[in-house]
Amino acid sequence: MSGSNDGGSNVYHHEGGNMPPHDHHDTEILTEENVRSYWHANLRLLGLLLAVWFIVSFGFGILFADPLNSIQFFGFKLGFWWAQQGSIYVFIGLIAYYVFAMKRIDRRYGVDDD
Amino acid sequence: METQTLIYIFVGASFALYVGIAIWSRAGSTSEFYVAGGGVHPVANGMATAADWMSAASFISMAGIIAFAGYDGSVYLMGWTGGYVLLALLLAPYLRKFGQFTVPDFIGERYYSSTARIVGVICLIFISFTYVAGQMRGVGIVFSRFLEVEIELGVILGMAVVFVYAVLGGMKGITYTQVAQYCVLIFAYLVPAIFISILVTSNPIPQLGLGSTVADGSGMSVLAKLDATLVDLGFTAYTEGSKAVIDVFAITFALMVGTAGLPHVIVRFFTVPKVSDARISALWALIFIALLYTTAPAVAAFARINFIDTVNNTSYQEAPAWLKNWEQIGLIGWMDKNGDGVIQYGAGAPYEGKPAYTGETGANGERVLSNTPTGSNNEIYVDRDIFVLANPEIAQLPGWVIALVAAGGLAAALSTAAGLLLVVSTSISHDLMKKTLMPKITDKQELRYARIAAAVAIGVAGYLGINPPGFVAQVVAFAFGLAAASLFPAILMGIFMRGMNREGAIAGMVTGLAFTFAYIVFFKFVSPELNSSEHWFLGISPEGIGTVGMVLNFLVAFAVRLATSAPPDEVQDMVEDIRVPTGAGVAHTH
Numbered sequence: 001m002s003g004s005n006d007g008g009s010n011v012y013h014h015e016g017g018n019m020p021p022h023d024h025h026d027t028e029i030l031t032e033e034n035v036r037s038y039w040h041a042n043l044r045l046l047g048l049l050l051a052v053w054f055i056v057s058f059g060f061g062i063l064f065a066d067p068l069n070s071i072q073f074f075g076f077k078l079g080f081w082w083a084q085q086g087s088i089y090v091f092i093g094l095i096a097y098y099v100f101a102m103k104r105i106d107r108r109y110g111v112d113d114d
Numbered sequence: 001m002e003t004q005t006l007i008y009i010f011v012g013a014s015f016a017l018y019v020g021i022a023i024w025s026r027a028g029s030t031s032e033f034y035v036a037g038g039g040v041h042p043v044a045n046g047m048a049t050a051a052d053w054m055s056a057a058s059f060i061s062m063a064g065i066i067a068f069a070g071y072d073g074s075v076y077l078m079g080w081t082g083g084y085v086l087l088a089l090l091l092a093p094y095l096r097k098f099g100q101f102t103v104p105d106f107i108g109e110r111y112y113s114s115t116a117r118i119v120g121v122i123c124l125i126f127i128s129f130t131y132v133a134g135q136m137r138g139v140g141i142v143f144s145r146f147l148e149v150e151i152e153l154g155v156i157l158g159m160a161v162v163f164v165y166a167v168l169g170g171m172k173g174i175t176y177t178q179v180a181q182y183c184v185l186i187f188a189y190l191v192p193a194i195f196i197s198i199l200v201t202s203n204p205i206p207q208l209g210l211g212s213t214v215a216d217g218s219g220m221s222v223l224a225k226l227d228a229t230l231v232d233l234g235f236t237a238y239t240e241g242s243k244a245v246i247d248v249f250a251i252t253f254a255l256m257v258g259t260a261g262l263p264h265v266i267v268r269f270f271t272v273p274k275v276s277d278a279r280i281s282a283l284w285a286l287i288f289i290a291l292l293y294t295t296a297p298a299v300a301a302f303a304r305i306n307f308i309d310t311v312n313n314t315s316y317q318e319a320p321a322w323l324k325n326w327e328q329i330g331l332i333g334w335m336d337k338n339g340d341g342v343i344q345y346g347a348g349a350p351y352e353g354k355p356a357y358t359g360e361t362g363a364n365g366e367r368v369l370s371n372t373p374t375g376s377n378n379e380i381y382v383d384r385d386i387f388v389l390a391n392p393e394i395a396q397l398p399g400w401v402i403a404l405v406a407a408g409g410l411a412a413a414l415s416t417a418a419g420l421l422l423v424v425s426t427s428i429s430h431d432l433m434k435k436t437l438m439p440k441i442t443d444k445q446e447l448r449y450a451r452i453a454a455a456v457a458i459g460v461a462g463y464l465g466i467n468p469p470g471f472v473a474q475v476v477a478f479a480f481g482l483a484a485a486s487l488f489p490a491i492l493m494g495i496f497m498r499g500m501n502r503e504g505a506i507a508g509m510v511t512g513l514a515f516t517f518a519y520i521v522f523f524k525f526v527s528p529e530l531n532s533s534e535h536w537f538l539g540i541s542p543e544g545i546g547t548v549g550m551v552l553n554f555l556v557a558f559a560v561r562l563a564t565s566a567p568p569d570e571v572q573d574m575v576e577d578i579r580v581p582t583g584a585g586v587a588h589t590h
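Sequences listed follow chains S and Y, in order. So for the first sequence, our numbering puts the first residue at 1; every next one is plus one. So for the second sequence, our numbering puts the first residue at 1; every next one is plus one.
It is possible that some hints are incorrect.
Sample of chain S residues facing chain Y (criterion: CB under 7 Å; computed from the structure) [stated by the list, open to error]:
1. Ser37
2. Leu46
3. Trp53
4. Gly61
5. Phe64
6. Phe74
7. Ala83
8. Asp106
It should be emphasised that the hints constitute simulated quantities derived from the structure, not laboratory data. Note that the Cβ used here is the ideal one computed from N, Cα and C, for glycine as well.
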């Protein structure tokens with residue numbers, strides 16, 4: 001457990017366990033406030049990405065598939081394309097962006113693991 | 001060279017490769033057996049996850065189902081890929097930080113309760129065995145059609161191979177075998193798809209071919225031609241759905257959430273070194289999966305066009321050899337209802353039930369059926385599972401492509417079977433033995449129990465493969481529905497709601513599980529005659545009911561939480577800890 005309670009404010013010590021030696025944040029101490037704002041930044045990112053996830057699959061591919069099908073898109077009806085092709089490409093894009101953005105957030109709050 | 005010889009060479013070589021890898025990567029400790037020592041490279045883990053995930057259902061059945069269902073088949077495409085977004089964003093990084101061996105491990109520790117752990121083990125075993133039975137059927141089909149051996153012998157051969165690398169190598173052996181199996185299966189899927197795309201549309205990229213014009217001079221696009229042909233034959237248009245929107249919504253949601261809650265997929269993320277590696281690994285997994293999943297709808301459309309072109313209005317005596325081969329093993333059945341010797345294909349079942357052969361040969365050389373004919377003009381029954389396997393023959397591709405597809409189908413089935421058997425054996429040796437019944441056993445003894453459990457699980461799976469229960473196909477909905485309604489909410493709340501307690505989580509899991517189980521059993525087994533949309537709850541089919549089960553799980557958990565006390569401080573500290581990526585060590589026994 002990396003949380004220790006010293007009279008009101010939790011202090012999270014960075015545990016390096018069996019990780020290779022690394023210098024850039026061995027001296028850092030994660031404060032409770034830092035961890036909290038890290039978590040809120042994470043939740044904001046999740047909310048945004050899951051909204052896109054929902055819109056392309058359940059929105060374009062299912063709920064609005066019928067109206068979108070009246071639009072032609074490279075030989076496909078657009079609603080059908082979202083359901084059988086487009087949503088999958090967007091899913092990849094979402095995870096790729098998540099990997100990139102989380103790394104940036106990890107570093108900003110000093111909680112990254114490299 | 002003869003196609004048959006090529007098949008033996010391809011399948012034999014791939015099996016030798018898997019066994020070779022297993023011997024090279026034997027597991028020496030529980031950590032290696034359970035999570036490959038936690039040192040798998042994220043790209044390799046992504047590939048292994050893709051092979052783990054893509055089963056006989058993805059490789060053999062999915063394109064066939066889409067070929068018949070058209071737009072309605074989209075639920076599988078979106079459901080089985082969209083789940084990775086949930087897995088990558090909501091579960092994988094945090095479970096990696098938690099750093100244990102199994103899914104029940106997380107539930108047991110997070111909810112400080114061996115009851116919760118046992119509920120987790122029960123869900124896991126039920127989900128995994130349901131799944132394994134399906135894989136073994138796939139192995140049986142491939143063996144009986146391509147290797148011309150009895151299904152029994154085929155299943156035993158497949159089990160022997162899995163036995164060698166799962167029991168010897170554990171997670172470590174399975175991981176590197178799955179990397180090889182992914183390469184075999186994706187190559188085997190893409191090569192015929194590219195050939196057929198060129199044949200049908202002149203475009204070598206199937207994903208683009210699906211939107212191109214058909215190369216028959218008609219100037220129509222693939223999908224427009226399919227729509228027109230199918231409507232002519234009395235079907236609904238390929239690009240239009242026939243299911244209610246709410247049901248499509250619920251099924252897709254249940255498949256997505258179920259995917260994210262499947263234990264054999266989740267444990268793959270325990271094998272990478274760091275939290276950020278778990279995220280990267282999920283990205284690679286989806287890229288490798290999407291390669292097959294975006295090709296499948298193209299294969300489906302091309303296969304349906306080819307099938308109608310070659311079969312409809314063809315006299316049986318002039319019909320191609322593949323049709324008769326599949327008829328021989330009982331997956332095609334033709335009844336010459338109007339006595340003209342010509343195969344007519346159309347909407348509706350040709351006769352009641354699956355083909356029941358009398359053993360006699362009819363006037364045109366077909367196997368005579370004893371089924372009661374229906375009033376429809378359709379004369380031919382085709383099992384959906386044959387499409388991917390028959391595609392190279394239908395498109396008259398060279399023998400080595402057929403051999404490759406046989407090896408690919410086996411790779412898909414065996415890789416998933418091995419992953420499932422491993423989570424079953426680890427949950428027994430680790431969660432049941434070590435953590436519940438016999439806490440004093442040493443690492444060595446635990447490893448021995450894991451190997452014994454794996455061997456027993458393989459035996460049970462082999463038995464299910466040789467004597468498939470008649471309800472295999474019907475219980476597939478179980479695996480996803482139960483994972484969605486039980487494991488997924490418990491894990492999600494465990495990470496995102498620091499205040500969720502033991503009472504809430506257990507009550508939620510039990511409610512979700514019981515509701516989903518009862519609903520599926522009622523409509524599939526107790527009263528199958530009521531299994532139609534007017535009797536369903538909110539018009540949601542048993543396939544999609546896991547979505548409702550999940551909502552119930554959350555509601556009950558919140559309600560019970562309000563009436564009970566907060567989890568202990570050290571558990572709340574643990575939740576704080578798994579939310580932060582720093583300092584994720586390799587899981588170790590304690």
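Consistency of the hints with the structure:
Because the beta carbon of S:Ser37 sits about 12 Å from the nearest beta carbon in chain Y, more than 7 Å, this interface hint is broken. With a cut of 7 Å, the hint placing S:Leu46 at the interface with chain Y holds, because the nearest CB-to-CB distance is about 6 Å. The interface hint given for S:Trp53 is met, as the beta carbon of that residue sits about 5 Å from the closest beta carbon of chain Y, less than 7 Å. At about 6 Å, the closest approach between the beta carbon of S:Gly61 and any beta carbon in chain Y falls short of 7 Å, and the interface hint on this residue holds.
Interface restraint check for S:Phe64: the shortest CB-CB distance to chain Y comes to about 10 Å, outside 7 Å, so the restraint is violated. Among the interface hints, the one on S:Phe74 holds; its C-beta lies about 5 Å from the nearest C-beta in chain Y, closer than the 7 Å criterion. Below 7 Å, beta-carbon pairs count as interface contacts, and S:Ala83 has one with chain Y at about 4 Å; its hint therefore holds. For S:Asp106, the shortest C-beta to C-beta distance to chain Y is roughly 6 Å, which falls under 7 Å, so the interface hint holds.
In summary, the numbered hints that this structure violates are 1 and 5.
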